[in-house]
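Here's the letter readout for the chains.
There are 2 protein chains.
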Amino acid sequence: MPDLRKDPITGRWVIISTDRARRPADFTREAVVAQGSRYCPFCAGHESKTPPEVLAYRSSGGINGEGWSLRVVPNKFPALRVEGELDRQGEGLYDHMNGVGAHEVIIESPDHLASLATISDKQVADVFFAFRDRILDLQKDPRLRYVLVFKNHGAAAGASLEHPHSQLIALPVVPKRVQEELDGAMRYFQFRERCIFCDILQQELLTQDRIIFETDHFLVVAPYASRFPFETWIVPRKHHSHFALADAPTIHNLGWVMRTVLRKIDKALEYPPYNAIIHTAPVQDALLDHYHWHIEIIPKLTKVAGFEWGTGFYINPTPPEEAARFLREIGLP
Amino acid sequence: MPDLRKDPITGRWVIISTDRARRPADFTREAVVAQGSRYCPFCAGHESKTPPEVLAYRSSGGINGEGWSLRVVPNKFPALRVEGELDRQGEGLYDHMNGVGAHEVIIESPDHLASLATISDKQVADVFFAFRDRILDLQKDPRLRYVLVFKNHGAAAGASLEHPHSQLIALPVVPKRVQEELDGAMRYFQFRERCIFCDILQQELLTQDRIIFETDHFLVVAPYASRFPFETWIVPRKHHSHFALADAPTIHNLGWVMRTVLRKIDKALEYPPYNAIIHTAPVQDALLDHYHWHIEIIPKLTKVAGFEWGTGFYINPTPPEEAARFLREIGLP
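Protein chains in written order, with the numbering used here: chain Z, 24 to 356; chain X, 24 to 356.
What the hints contain is simulated information worked out from the structure, not anything from laboratory work.
You may find that some hints are simply not true.
It does not matter which identical chain is used: a pair holds within one copy or between any two.
[To be verified] In silico DSSO-like links for lysine-lysine, alpha-carbon gap of 27 Å or less:
(1) K99 to K326
(2) K326 to K72
(3) K29 to K163
(4) K99 to K29
Chain Z with its partners taken away, still in its complex shape (with noise of 0.2 Å):
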């Protein structure tokens, strides 16, 4: 019998197939390997082709040069742009403003043939690290009130360039459904007076058939109302709404833990694409009691069609229960 399950947080339905499961090898295979190119603009040696470094880490030379190993340059083809106004008007029944806002591509690597699963830990932790030092800068303007940092993986995760990197978007609204997980976080607040997030953990850690694995900063789980196979959040045990507020400590952790999980994954699913979002509260709002950053991991290994768009009613067919076995028991060198 298939199971419907509900997300606790969003309220969203979910099926998983539990009679026919599919297991790695069931899924056909995109695996994301990268090609190299010439014509790279992130790639070192070409730092005239992107526009000026807004940050950098590199151990000597000057800046917009080589001898970085990770640099932050706006989008060459911004959704967004920093100058102006926002100009909120209406136009009849409709709402409308001005594009306001920032656009970013975090290079992670100098080596185009690179992955975040393949440079060092260290390497991984000066990602998040420059993600944090980017957001706690852009939050300075008010009128930016969500910073979304994430990543496409591979060509069919929506990826333009091979050469690996990241993206984060300043908006100057909190997306609807971000807000909606807020939302539903706080509902559960009000009611329990506890964290959901927290609350979950605490499940998780009694249940274990969901857990892939576990640090003293992190709980790697597969949830329980997963959407897609194999898809996997990061989430820290300690209660923190913001991201950009973790300590040095857990950043140099989660660099560990987000090349392990992608290194499990690359063994399991053969090098799939996937796209990786880190979820946390809006910059202006202070500390939240109700809300708990995480980041999901999602493997694109089925075709998203008609029925999902547009119902937000997804049909998984591996149950988490099962993907978080097997990615637990893939050993890592």
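With the hints as your guide, set chain X onto chain Z.
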């Protein structure tokens, strides 16, 4: 300057890139061209390869035999099953229930190489008559709260078989995205005492720049806050909350309208994959003054990435005014 537009029904914000708008020729095409197959279970003569039909239109001949112009059969690999009780239960803080429901396939033509754009207007109308017949039958089961009707055209849009078909999933819950649309429409109704869709129709008729074409029964528009390039809505002029209560003249006209939209889209965008979804009120609800059924068609021209998943916040590179002008100007023989 990019334009941030708010969907008046759901409150979803969308970035419309007005600066470097993408025209039809700018999208990579994956033209949907049926290859044909000797082993297709949906083809005429292969009736025994599907589960027994629940509905068929045929001028002569027996049940489950040849001579049909349209068949509805249960999905061989259903996401939900008709048998059993819902059996709602808690599991710690989680909620689940049995996957009770129905999952059916509407085989739109006996001809493997046909599409909704190439069959006759009458045959397209028959597809909508079949949807209506099946919804009216399924809604007799009080366990079923929503019937979702959708079509995935082409592998990139999620179709696993190329023979022309649509699907129907009857659910024991109202999906979250549907409920959001109902709630948004209700908020507007409480404020204005008018249906928001009726008001949108009026405003679109006034400004004209997002109208693709119109008939006595329908307006075909590119919505103000289109999430996707060439997103197209078919909206009945007359207020009605339930698709399944549309009368025969309306459905006959809908056959022509749907086919005309798809022919225009095929010509403008060179046979793109697409998803189409009927948005309608929950089947057990009485007539609703605040909700208005309609059809949403989304050509699949861009890859949806982590940004969209994580936030429900879309970046649309083609302003709907340009998409509408383009589709309006497409001439059909």
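We went through each hint and held it up to the structure:
no.	hint	verdict
1	K99 to K326	between (29 Å within a copy, 19 Å between copies)
2	K326 to K72	between (34 Å within a copy, 25 Å between copies)
3	K29 to K163	between (37 Å within a copy, 25 Å between copies)
4	K99 to K29	between (40 Å within a copy, 25 Å between copies)
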